[in-house]
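Peer 1: Quick note, the sequences are listed as chains A and B, same order.
Note that the working numbering numbers the first sequence so that position 32 is 75, with each residue one more than the last.
Note that the working numbering numbers the second sequence so that position 88 is 137, with each residue one more than the last.
Take the hints with a grain of salt, since some may be wrong.
[To be verified] Below are the EDC-like pairs computed for lysine to aspartate or glutamate, each with C-alpha atoms no more than 20 Å apart in a straight line:
{"no.": "1", "chain 1": "B", "residue 1": "Lys246", "chain 2": "A", "residue 2": "Glu230"}
{"no.": "2", "chain 1": "B", "residue 1": "Lys59", "chain 2": "A", "residue 2": "Asp95"}
{"no.": "3", "chain 1": "B", "residue 1": "Lys59", "chain 2": "A", "residue 2": "Glu230"}
[Unchecked claim] Per the computed footprint, the stretches of chain A lying under chain B, defined by three or more beta-carbons under 8 Å from a beta-carbon of chain B, are:
{"no.": "4", "segment": "118–128"}
{"no.": "5", "segment": "204–213"}
Since the hints were derived computationally from the structure, they do not count as laboratory data.
Backbone N, C-alpha and C define an ideal beta-carbon position, used for all residues, glycine too.
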Amino acid sequence: MTSVLDSSRVSVVEAMRGDRTKRPLIDIASAGGLRSLLEDGIYEILGATRLDAPLVVRAASLQQRFAITDLTMSSAGRIRGVLIGQLLRLLSVGMSIDHAFDDAVSAWRGDVGTNELIVCLDALDHDERARLATDVDAHYVTLTRALGDIPAHWLPRSCVRTTQRLAGGSVVLRDVIDLLIGTSTSEVASIALFDVTTSPLGEGAERSMRYHALMQTLRTSVMPLRTCTFSSATGEIWIRDVDYELLARSVEDVLANIRDQWSAT
Amino acid sequence: MTLLHRRLTKSDLLELITTAPTETVHLSDEHRVSLSTRFRAVSVPGHRRLDAWGVERAGRAGSTFRWSPASARRVLGNASLRRMTTRPVSVRDAVRDELGDQMLRATSGYSRSGSLSHWLASAPHPVIGLVTAEAVNWATQLQEIGQWLEVPWEVASSDAYYDVASARTTLRARRDLVVRAEETRTIVRVRSGSPGKSAGPGLRADLTIEALADHDGVAPVRYVGLWPDAGVCLAVDGTMSDLRSGARDLVRTAVAQRRSGVPLAA
Chain A
44 MTSVLDSSRV SVVEAMRGDR TKRPLIDIAS AGGLRSLLED GIYEILGATR
94 LDAPLVVRAA SLQQRFAITD LTMSSAGRIR GVLIGQLLRL LSVGMSIDHA
144 FDDAVSAWRG DVGTNELIVC LDALDHDERA RLATDVDAHY VTLTRALGDI
194 PAHWLPRSCV RTTQRLAGGS VVLRDVIDLL IGTSTSEVAS IALFDVTTSP
244 LGEGAERSMR YHALMQTLRT SVMPLRTCTF SSATGEIWIR DVDYELLARS
294 VEDVLANIRD QWSAT
Chain B
50 MTLLHRRLTK SDLLELITTA PTETVHLSDE HRVSLSTRFR AVSVPGHRRL
100 DAWGVERAGR AGSTFRWSPA SARRVLGNAS LRRMTTRPVS VRDAVRDELG
150 DQMLRATSGY SRSGSLSHWL ASAPHPVIGL VTAEAVNWAT QLQEIGQWLE
200 VPWEVASSDA YYDVASARTT LRARRDLVVR AEETRTIVRV RSGSPGKSAG
250 PGLRADLTIE ALADHDGVAP VRYVGLWPDA GVCLAVDGTM SDLRSGARDL
300 VRTAVAQRRS GVPLAA
């Protein structure tokens, strides 16, 4: 399902939750099978080799299979992505945001102290900083228009981290889900995953969506209901119902990435 | 040694809780005296604090502690969940109430410099938002774990602390949920990230400190460590051999700390 929410007033969160009467029963049986698929696939690639430095797979690794120039990976693009992520976190707990750029920077500094990207931000001259602030404001407006209020009883959690060690630690899968709503304790599937990107949606976004769903399934052993990705650049949103087929495709994506990394070593 | 490794699923966690041993082990005064003697032998000029994290890092110094949304989440998240067990309120509201109380403590002059209340009172509005988000994450996660248990549980009122007599040493064990059944108790401890190779010794150190902190020296029948980010749990039973191992690891950590010259607590 693809929706463009710039002109409509449909809430992303409402769209993610969908029709509550049509939710499937919770699936706690598939995680084991998916893990076996991954372990078997990795064994076919690595054999019995134990790596000193593990191969690491992230959602970003799956975005593009080939090295091409991507403006979103420039310092300014990365800073913009981080700041929009911080604003999403503040929105998820209903905080009022007066000045999107300043508030996001303040939250970011409070979170990480100092790092390479913050140094880059501080090094921007007045014009570059103003341009970035305007850019962040525009993305923020698109995000808030689409997202709407997130009720507390939907149990929103932001920046949810997942780590999975496979093949005895030779492969590490890492993921951060921008926003997760719903619970794994109900009898029907209710967990929806929301990912926000500041670049237009492409084939890589589809792989990321699947990867988030796979990682959430491996982490909790409970299959999520839906996974979605939202572009704050275009206001476009892709929403997919999660099923075994989607997760199995993500396993193939992950194995392809591991194969690429292994052949490059 | 009893170290159980399971996936963090409702059924596995519930099994770990319900199949915990029923017989408890006690630490006697002689055990306490013996531990004190060993720590005194590893003398230091100041006061030292040891915990499971120190054991897992083999006494190596970590980065200097500073308050941040991530370091504040557990204290605020646990306190918020404790509020939610006494009156029906959403996680978000419970966290806000807790934050409000913490800041009130600072403005009324009941907090000391360097405390969480003090830091929160001086933190800018967006940082408070991020602290709220982190605490909501923690409390929601812990609440879900509690709901999985299907047995009565309570949020631990604080971590377990034990001052080793005449050894200028304080031991601290992390604990988040306590499951009580008649005379026994099982402790659940939640950690971020994924368990390292020394997660088992760390868990045993917590088990030993928890037993020492009990005024009758009664050990919990099982100590369950959860790593929700990785979806795994480890558990160690409260047997005498595990308690002894935990104590040995703590003493070894003190020795390693002294050798590496780790800065001691103020």
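Peer 1: Decide, hint by hint, whether the structure agrees.
Peer 2: A quick look at each hint next to the structure:
1. Of the supplied pair hints, the one linking Lys246/B and Glu230/A is violated, its CA atoms being roughly 35 Å apart against a limit of 20 Å.
2. Pair hint Lys59/B plus Asp95/A does not hold up; C-alpha atoms about 33 Å apart against a cutoff of 20 Å.
3. With a C-alpha separation of about 12 Å, the suggested pair Lys59/B and Glu230/A falls inside the 20 Å cut-off, and the hint holds.
4. Counting residues of the segment 118–128 of chain A whose CB lies closer than 8 Å to any CB of chain B gives 0, which falls below the minimum of 3, so the coverage claim is violated.
5. Using a Cβ-Cβ cut-off of 8 Å, 5 residues of the segment 204–213 of chain A lie near chain B, which meets the minimum of three, so the contact claim holds.
The structure does not agree with the numbered hints 1, 2, 4 stated previously, though it agrees with the rest.
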